[in-house]
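Participant: The chain contents come next:
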Amino acid sequence: MSSAAGTEVARAVERAHREWGFVLAATIRVAGDIDSAEEAVQDAYASALATWPTRGIPTNPAAWLTVAARRRALDVHRREATARRALPKLLDPEPEPVDELVEALDGIADERLRLIFTCCHPALAPEAQVALTLRLVCGLSTPEIARAFLVQEATMAARITRAKRKIRVANIPYRVPEGEELAPRLAQVLSVVHLVFTTGHSAPSGAQLTRPDLSIRGVELARMLRVLLPADPDVAGLLALMLLTDARRPARVDEAGELVLLADQDRASWDQVAIAEGVALVTEALAPRPPGRFALMAAIAAIHDESPSWADTDWNAILALYDLLRAVWPTPVVELNRAIALGFAVGPEAGLAELDALAADPRLARYPYLAAARADFLVRLGRPADARIAFDESLILTDNEVEREFLAARIRSLGDG
Amino acid sequence: MSKYLILIFQDEAAAQPPGDTVSANYRAFMERHAGSLRGGVALESPVTATSIRRNDGGEPTVTDGPFAESKEALGGTFLIEAADLDEALAIAKQVPAGIGVEVRPVRVVS
Chain A
1 MSSAAGTEVA
11 RAVERAHREW
21 GFVLAATIRV
31 AGDIDSAEEA
41 VQDAYASALA
51 TWPTRGIPTN
61 PAAWLTVAAR
71 RRALDVHRRE
81 ATARRALPKL
91 LDPEPEPVDE
101 LVEALDGIAD
111 ERLRLIFTCC
121 HPALAPEAQV
131 ALTLRLVCGL
141 STPEIARAFL
151 VQEATMAARI
161 TRAKRKIRVA
171 NIPYRVPEGE
181 ELAPRLAQVL
191 SVVHLVFTTG
201 HSAPSGAQLT
211 RPDLSIRGVE
221 LARMLRVLLP
231 ADPDVAGLLA
241 LMLLTDARRP
251 ARVDEAGELV
261 LLADQDRASW
271 DQVAIAEGVA
281 LVTEALAPRP
291 PGRFALMAAI
301 AAIHDESPSW
311 ADTDWNAILA
321 LYDLLRAVWP
331 TPVVELNRAI
341 ALGFAVGPEA
351 GLAELDALAA
361 DPRLARYPYL
371 AAARADFLVR
381 LGRPADARIA
391 FDESLILTDN
401 EVEREFLAAR
411 IRSLGDG
Chain B
1 MSKYLILIFQ
11 DEAAAQPPGD
21 TVSANYRAFM
31 ERHAGSLRGG
41 VALESPVTAT
51 SIRRNDGGEP
61 TVTDGPFAES
71 KEALGGTFLI
81 EAADLDEALA
91 IAKQVPAGIG
101 VEVRPVRVVS
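Read top to bottom, the protein sequences are chains A and B. Numbering-wise, our numbering puts 231 at position 231 of the first sequence, and it's gapless, one number per residue. Numbering-wise, our numbering puts 59 at position 59 of the second sequence, and it's gapless, one number per residue.
FYI, nobody ran anything at the bench for these hints, they're computed from the structure. Keep in mind that this is a model prediction, so the values were computed, not measured. Be aware that a few hints might be false.
Stated by the list, open to error - Straight-line alpha carbon distances no greater than 30 Å define the calculated BS3-like cross-link-like pairs of lysine-lysine that follow:
(1) B:Lys-3 / B:Lys-93
(2) B:Lys-3 / A:Lys-166
(3) A:Lys-164 / B:Lys-93
(4) B:Lys-71 / B:Lys-3
(5) A:Lys-164 / B:Lys-3
(6) B:Lys-93 / A:Lys-166
(7) B:Lys-71 / A:Lys-166
(8) B:Lys-93 / B:Lys-71
Said to hold, decoys possible - So the derived label-pair ranges between C-beta atoms look like this:
(9) B:Ala-68 / A:Ala-81: 37 to 45 Å
(10) B:Ala-13 / A:Glu-181: 32 to 40 Å
(11) A:Glu-401 / B:Ala-83: 44 to 52 Å
(12) A:Arg-147 / B:Thr-63: 44 to 52 Å
(13) A:Val-169 / B:Arg-27: 48 to 56 Å
(14) A:Glu-401 / B:Gly-40: 55 to 63 Å
(15) A:Ala-81 / B:Gly-100: 49 to 57 Å
(16) B:Asp-11 / A:Glu-349: 44 to 52 Å
Idealized CB from N, CA, C, for every residue including glycine.
Only chain B is shown next, with the shape it has when bound in the complex:
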């Protein structure tokens, strides 16, 4: 079994769904794949992000905004466990993402 992080991308300008409940399509996805899901988060919009970069002297500098400016904003993640990439992709294809998703293998570190 391998772990994969599904990064969910949406249009930065897209309106956040109102309310604080999971939308019906995401709820359906999560119920369908409950056996594979190991975690996940929904993110507030990138305009609420704060970045910390190391300057040339190695000192942390705090700035407003996301780390990388992009119209395709990271909207949330799912952590899943799957037998292989094919199984992970089959699950990831069903994420009701606005733009699309990126599937990344989770690095095994000890």
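Excised from the complex, chain A in its bound form:
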């Protein structure tokens, strides 16, 4: 083969890696368990690299890979069954080529919904749900997942192995829940996908503010759910929220890598295509009464995205949306954000009063954004000495280096007051 053809095949296999979840999901029921399915899928990708240079890249790589992986899984099954029966080992026939069998995905059911519901089963630890989703549905390697969550590779490997073992031993089913089970289980899946996205959007610690790879995976997962559950308003809301948040990513950090607040961002650099898509989805997501939490969060993001400038922000509309949000999703962080919105809609004094009331909530005691928000209102109220104390407090609670530098700069800007 020419090296050009080899490069082309390598690129095609790389592209086909996006289909990992589809191929794996369609192989699991043939293989019988996740581990053997993963091995079969790995083999299928390897054989694509080996055979596509001579046979050509198939019209539908995902279908080719699925058929190859399923066949591989069946072969393994048969061999194991033969071994168990202690029959003389049969000659392993050369597997027949699969290209001519599959030109389309028509005959292959999309099983990814089953797969993600199994990954996000409530009987698995929350951190294992996230890791399994990234590994099995997104096709990330264990070292990649470990890096994304800043844990040791061995720790992540053990976490994934333990979760897969539990799925097998406890017989966690490979199915989409039905009836009244569906709503809470889907909510869990959406939480996991949201967590993947937010971990990428605002890295809790480390040198970089965002880990865009995880944000991208989060958006991809939400898009997948949108295809599989096109009528679900919460799925529409989550995808909208991610698109409308991610649209601002290019403006969140400046050239020096420092955090830029929403108020100071260059709105011309926001992704207008993502905003348009997100706004269309929000309209749909807001239809149920009351709307779900993702729809309301997306609607708030949409108001910021569509506002021509910070000064033009419609804070009364945002405050009204937070009032709806706190009714369906009453968390301390929502209360905090509502208090901030109140401070802009009504005035810094009103906002500060709300924040001070929230400061008594032990769940917010270690949350750096509360102290930072207090500091911000104190600056606007002309109380730099109090603001400095609040910024210091926020600095103590923040691990992200970009955010720490931002807070330090705010403190410096207060002067020696």
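Assemble chain B onto chain A, guided by the hints.
Facilitator: Same frame as chain A, but now just chain B:
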């Protein structure tokens, strides 16, 4: 089909129900899931337990009390058979347990 053991936990200090008959709520549970139940026991309170531990020399030593001290005491068990964990959890959720239950897959050994 898989077998699961449901371990029923109750507050150690909770009073044992009087008498030696199954209480009405447990009777209702057992009737509803008769098709899945494969066995079960109710236990006397942990203060009646006797533990046997191996000492450093491997010799059994008898002591008073349960194996692990806990305010959440094992009060009894059900052995059930279910298609998968979801079915087992649906059954286990209906056990009228004082504190809650733990669902454990039963190990298949030959």
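Participant: Now tell me, hint by hint, if it's right for this structure.
Facilitator: Hint check results:
no.: 1; hint: B:Lys-3 / B:Lys-93; verdict: 16 Å, holds
no.: 2; hint: B:Lys-3 / A:Lys-166; verdict: 14 Å, holds
no.: 3; hint: A:Lys-164 / B:Lys-93; verdict: 24 Å, holds
no.: 4; hint: B:Lys-71 / B:Lys-3; verdict: 28 Å, holds
no.: 5; hint: A:Lys-164 / B:Lys-3; verdict: 19 Å, holds
no.: 6; hint: B:Lys-93 / A:Lys-166; verdict: 20 Å, holds
no.: 7; hint: B:Lys-71 / A:Lys-166; verdict: 27 Å, holds
no.: 8; hint: B:Lys-93 / B:Lys-71; verdict: 21 Å, holds
no.: 9; hint: B:Ala-68 / A:Ala-81: 37 to 45 Å; verdict: 43 Å, holds
no.: 10; hint: B:Ala-13 / A:Glu-181: 32 to 40 Å; verdict: 35 Å, holds
no.: 11; hint: A:Glu-401 / B:Ala-83: 44 to 52 Å; verdict: 50 Å, holds
no.: 12; hint: A:Arg-147 / B:Thr-63: 44 to 52 Å; verdict: 49 Å, holds
no.: 13; hint: A:Val-169 / B:Arg-27: 48 to 56 Å; verdict: 32 Å, violated
no.: 14; hint: A:Glu-401 / B:Gly-40: 55 to 63 Å; verdict: 56 Å, holds
no.: 15; hint: A:Ala-81 / B:Gly-100: 49 to 57 Å; verdict: 41 Å, violated
no.: 16; hint: B:Asp-11 / A:Glu-349: 44 to 52 Å; verdict: 49 Å, holds
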